[in-house]
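**Q** Chains A and B supply the protein sequences, listed in that same order.
Positions in the first sequence are counted from 1; adding 149 to them yields our numbering.
Positions in the second sequence are counted from 1; adding 104 to them yields our numbering.
No lab work stands behind these hints, which were simulated from the structure alone.
Being a predicted model, the structure only gives us computed values, none of them experimental.
Backbone N, C-alpha and C fix where the C-beta goes; we use that ideal spot for every residue, glycine too.
Misleading hints may appear alongside valid ones.
[As the list claims (entries may be wrong)] List time: in silico BS3-like cross-link candidates among lysine-lysine, alpha-carbon distance up to 30 angstroms: (1) B/K183 <-> B/K263; (2) B/K299 <-> A/K219; (3) A/K202 <-> B/K253; (4) A/K234 <-> B/K292; (5) A/K202 <-> B/K183; (6) B/K292 <-> A/K202; (7) B/K253 <-> B/K172; (8) B/K263 <-> B/K172.
[Stated by the list, open to error] A few chain A residues that face chain B, going by a derived Cβ cut-off under 7 angstroms, partial list only: (9) P179; (10) D199; (11) V216; (12) R217; (13) T218; (14) D242; (15) A252; (16) L256; (17) C261; (18) H262; (19) A263; (20) A267.
[As the list claims (entries may be wrong)] Simulated restraints on C-beta separations: (21) A/I183 <-> B/G249: 36 to 42 angstroms; (22) A/D242 <-> B/R354: 22 to 28 angstroms; (23) B/P247 <-> A/D257: 18 to 24 angstroms; (24) A/P179 <-> B/H264: 36 to 42 angstroms; (25) B/G300 <-> A/M201: 16 to 22 angstroms.
Single-letter residue listing:
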Amino acid sequence: MTGRIAIAAVVLAAIAAAAWAAGSSRVARPVVSIAKPGQCVEATEVMRRDHMKLLMHQRDRTMREGVRTKTHSLAGCVECHASAKTGSVLGSDGFCQGCHAYAGVRLDCFECHASKVARMAQNELPK
Amino acid sequence: MSEIRGCGGTGKAPHGATGRGPDPLHDSNRRGFLGSAVAALAGVALAPGIRLIDLAGARAPEQAASGKVRWGMLIDTSKCATGCNDCVSACSRENGLQDTGRPRTDAQWIRKIDLRDLRSQQQHSAPVMCQHCAEPPCVDVCPTGASFKRADGIVLVDKHTCIGCRYCVMACPYKARSFVHQNLADQKPEVPRGKGTVEGCTLCVHRVDRGGGPACADACSAAGHGAMVFGDLNDPQSAVAQRLRELPNRALRADLRLDPGIRYSGV
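Here chain A stands alone, though its shape is the one from the complex (with noise of 0.2 angstroms):
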């Protein structure tokens, strides 16, 4: 008896051992892709959490108060984020999309607001 119960326990340890070392890879991962790494406006930890309370703070300044600062603005979020391929923050792996679709959130300040480099949107303009 007491046997089979320390095959049973070395087994289940090879279980638990075997699931610790494949670790992260079970679980689903958001796709961030960062054209430009380096330091953002503020701390990475911030930024994941607090990122639309920032953006909110902002938005209302602009919109009500007119002050056109860029380090919290969207559109510098976008400037720093977008994608050197598409040139936009949307799409499946883009910066703002990516992470977005993976948790879940709807995203929907690119219904209005351009989620392409302003550059690109220009040279897309008829002229």
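Once you've looked at the hints, dock chain B against the given chain A.
**A** Showing chain B alone in chain A's frame:
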């Protein structure tokens, strides 16, 4: 200030008579008064700095729009030619208004109006857009506070809070507001626009905030017409204030007493 003191006084008398002890409401009133007094003192202390930036011309990007400025425009109809559409096309270009081939529902921020006096057969042509009223009816009727007037007199729609009810479209006597009926793409980075919200002339607020003027007025003077003069109505030295002093001018629908920022000469 005297009003606040008055309220406190009338609030205190009955409680004192019944002898119920200190009134928390009255106490908070006093705190409110002290708070506003401190805020007023802070305002005085800040004033010299603000004044310096005012004198320098354009406002710093981190500084909020000031109530000392009132943006406005003078439109001289004697210089505005019938059939000229330069201001309208400049507006569409600047703000990314696209022609969808459905003129009845397309957004229209500025339009040319041709006027003819039936008796004298005199003809005038003038652009009409949001008149940026000091007493805007669109702001009065907005149920969500999305339609608002900025400190410097520019009337805007905060599309984050606009629910697309279109009361403001009905309320505006100048027909200056449009509703976006369909999904849009390729908006300009500085001019976000989207389905289900109301929009109108912003006086090119993104340019004004950088010290520029509206695209329509710039296009008009670039084409050599000079029919639209933009500037600060409160600054007696500004081009627009000087022209307003020289030329006889009026507000459209002056009977409504909305005090528009856009004035017309020759109509």
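**Q** Confirm or reject each hint.
**A** Now for the hints, and whether the structure bears them out:
1. B/K183 <-> B/K263: Violated, at about 35 angstroms.
2. B/K299 <-> A/K219: 26 angstroms, holds
3. A/K202 <-> B/K253: Given that 30 angstroms is the threshold and the Cα spacing comes to 24 angstroms, the pair holds.
4. A/K234 <-> B/K292: Status holds; Cα separation ~20 angstroms.
5. A/K202 <-> B/K183: Violated - the C-alpha atoms of B/K183 and A/K202 are around 49 angstroms apart, more than 30 angstroms.
6. B/K292 <-> A/K202: Answer holds: B/K292 to A/K202 is near 24 angstroms, not above 30 angstroms.
7. B/K253 <-> B/K172: Satisfied, since the Cα-Cα distance of roughly 14 angstroms is no more than 30 angstroms.
8. B/K263 <-> B/K172: It holds: about 26 angstroms lies between the C-alpha atoms, which stays within 30 angstroms.
9. P179: 25 angstroms, violated
10. D199: 18 angstroms, violated
11. V216: 6 angstroms, holds
12. R217: Holds, because the Cβ-Cβ distance from A/R217 to chain B comes to roughly 5 angstroms (cut-off 7 angstroms).
13. T218: With a minimum Cβ separation of about 5 angstroms from chain B (threshold 7 angstroms), the hint on A/T218 holds.
14. D242: 20 angstroms, violated
15. A252: At 21 angstroms from the nearest chain B Cβ, A/A252 fails the 7 angstroms test, so the hint is violated.
16. L256: 13 angstroms, violated
17. C261: 3 angstroms, holds
18. H262: This interface hint holds because 5 angstroms falls under the 7 angstroms limit.
19. A263: 4 angstroms, holds
20. A267: At about 5 angstroms, which falls below the 7 angstroms cut-off, the nearest Cβ of chain B leaves the hint on A/A267 intact, so it holds.
21. A/I183 <-> B/G249: 36 to 42 angstroms: With Cβ atoms ~38 angstroms apart, the hint holds.
22. A/D242 <-> B/R354: 22 to 28 angstroms: This hint is violated: roughly 58 angstroms between Cβ atoms.
23. B/P247 <-> A/D257: 18 to 24 angstroms: 21 angstroms, holds
24. A/P179 <-> B/H264: 36 to 42 angstroms: Given about 26 angstroms between the Cβ atoms, the range is violated.
25. B/G300 <-> A/M201: 16 to 22 angstroms: At 21 angstroms between Cβs, range holds.
The structure shown violates the earlier hints numbered 1, 5, 9, 10, 14, 15, 16, 22, 24.
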